[in-house]
Amino acid sequence: MTRRRITLADGRYLIFYTFGEAEAETAPDMKSEAKPAEPEPVPEAEEERGV
Amino acid sequence: MSELRWNPLMGEWVATATHRQERTFMPPADFCPLCPTRPGGFPTEVPESEYDLVVFENRFPSLRPEPPEPAVEATELYPVRPGQGVCEVVLYSPRHTSTLAEEPVEQIYKLIQVWTDRFAELGQLPFVDYVFEFENKGEAIGVTLHHPHGQIYAYPFIPPRIERELEQSRSHHADTGRCLLCDIAGEERRDGRRIVAENNSFIAYVPFFARYPYEVHISSARHLQALTDMNEAEQRDLAAVLKMVLVAYDKLFNLSFPYMMVLHQRPTDGGDYDYYHFHIEFYPPLRTATKLKYLAGS
Chain A
1 MTRRRITLAD GRYLIFYTFG EAEAETAPDM KSEAKPAEPE PVPEAEEERG
51 V
Chain B
52 MSELRWNPLM GEWVATATHR QERTFMPPAD FCPLCPTRPG GFPTEVPESE
102 YDLVVFENRF PSLRPEPPEP AVEATELYPV RPGQGVCEVV LYSPRHTSTL
152 AEEPVEQIYK LIQVWTDRFA ELGQLPFVDY VFEFENKGEA IGVTLHHPHG
202 QIYAYPFIPP RIERELEQSR SHHADTGRCL LCDIAGEERR DGRRIVAENN
252 SFIAYVPFFA RYPYEVHISS ARHLQALTDM NEAEQRDLAA VLKMVLVAYD
302 KLFNLSFPYM MVLHQRPTDG GDYDYYHFHI EFYPPLRTAT KLKYLAGS
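Protein chains in written order, with this note's numbering: chain A, 1 to 51; chain B, 52 to 349.
Just so you know, these hints were derived from the structure itself, not from any lab. Even glycine gets a Cβ: it sits at the ideal position worked out from N, Cα and C. Do not rely on the hints blindly, as some may be mistaken.
If you only want the chain A side, here are some residues facing chain B, beta carbon under 7 Å, derived [unchecked claim]: (1) 1; (2) 13; (3) 15; (4) 16; (5) 17; (6) 19.
Isolated chain A (complex conformation) (with noise of 0.2 Å):
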């Protein structure tokens, strides 16, 4: 199980779940409320867990 977690325009965090052969990738931090067209700001520190 791999976590991927990132924090919503409004300080809410969101976590994303996959399971499987899927690795997450390195994921930019979210600051805006809907998928950005522009260049993703720098991401921040993500937690990943191998089960």
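Following the hints, put chain B in place on chain A, whose structure we already have.
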């Protein structure tokens, strides 16, 4: 505004959250806030679509990790405290029209792993005494969003029904030296008439003392207190039994069956609850395809 108000008559805390009156109510599918944001579409709670499950803080929470001060004054008879806790939403799938019953067993197994992860993380918060994982499903229950999801409330107190179960379990263990739910499961196996499903690790039955016509309890065969005590085989068996119960419900009246599903686990306040026993309870409100069971009266 939100706060916890003490009910001196019942000896319990009541959460007040007036801002929840403004929460999204039954939007059309095109405007579902729990669906992944589509390119060019309105921004939803979920900015991406590539995931198995998603957990996020509720936009309209009853409890917050850093709550505001109460909007009402306390008195000696009516203590008040900030509504501190955590409210999370668990999305079961990116697919708007799915239900947990329609998901494959493998997806339910993934949900169990997510529940376990949340129980472990939230239970470690110093202000959390109880992690309550649950699902309200169907308009008859009062659900306001159709997208398949459950919720998690991390409470700063032990909820009253759990307190009552703990007291009953503690008392039974003190009297007999045995676990109350282990004894209940044993009684159901001996009787056999109320068993809905069973596998190596779990039993699902209509309790002898059911309040709802189609109430079902699922308890672990092994004496354990929380999801975090389970091994992988038990997690998979729980997924299989859940699937059996959920499909059975939908087949009962040939409709997507409404219910409250609640996970009863040990508190996370650091106390000793070895006498307690993990189980799941279902409270379905239908007594026929078209009639509701109202728990009126005392």
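Hint by hint, here is what the structure shows:
Annotation: residue 1 of chain A was flagged as interfacial toward chain B, and the flag holds, the nearest CB pair being 5 Å apart, inside 7 Å. A hinted interface residue such as residue 13 of chain A counts as satisfied when its beta carbon comes closer than 7 Å to some beta carbon of chain B; here the least separation is about 6 Å, so the hint holds. The interface hint given for residue 15 of chain A is met, as the beta carbon of that residue sits about 5 Å from the closest beta carbon of chain B, less than 7 Å. Look at residue 16 of chain A: its Cβ gets to within about 4 Å of chain B, closer than 7 Å, so that hint holds up.
Because the smallest distance between the Cβ of residue 17 of chain A and any Cβ of chain B comes to about 5 Å, under 7 Å, the interface hint for this residue holds. Evaluation of the residue 19 of chain A hint against chain B yields a held restraint, the C-beta minimum of about 5 Å falling below 7 Å.
Going down the numbered hints, you'll see the structure goes against none, and every one checks out.
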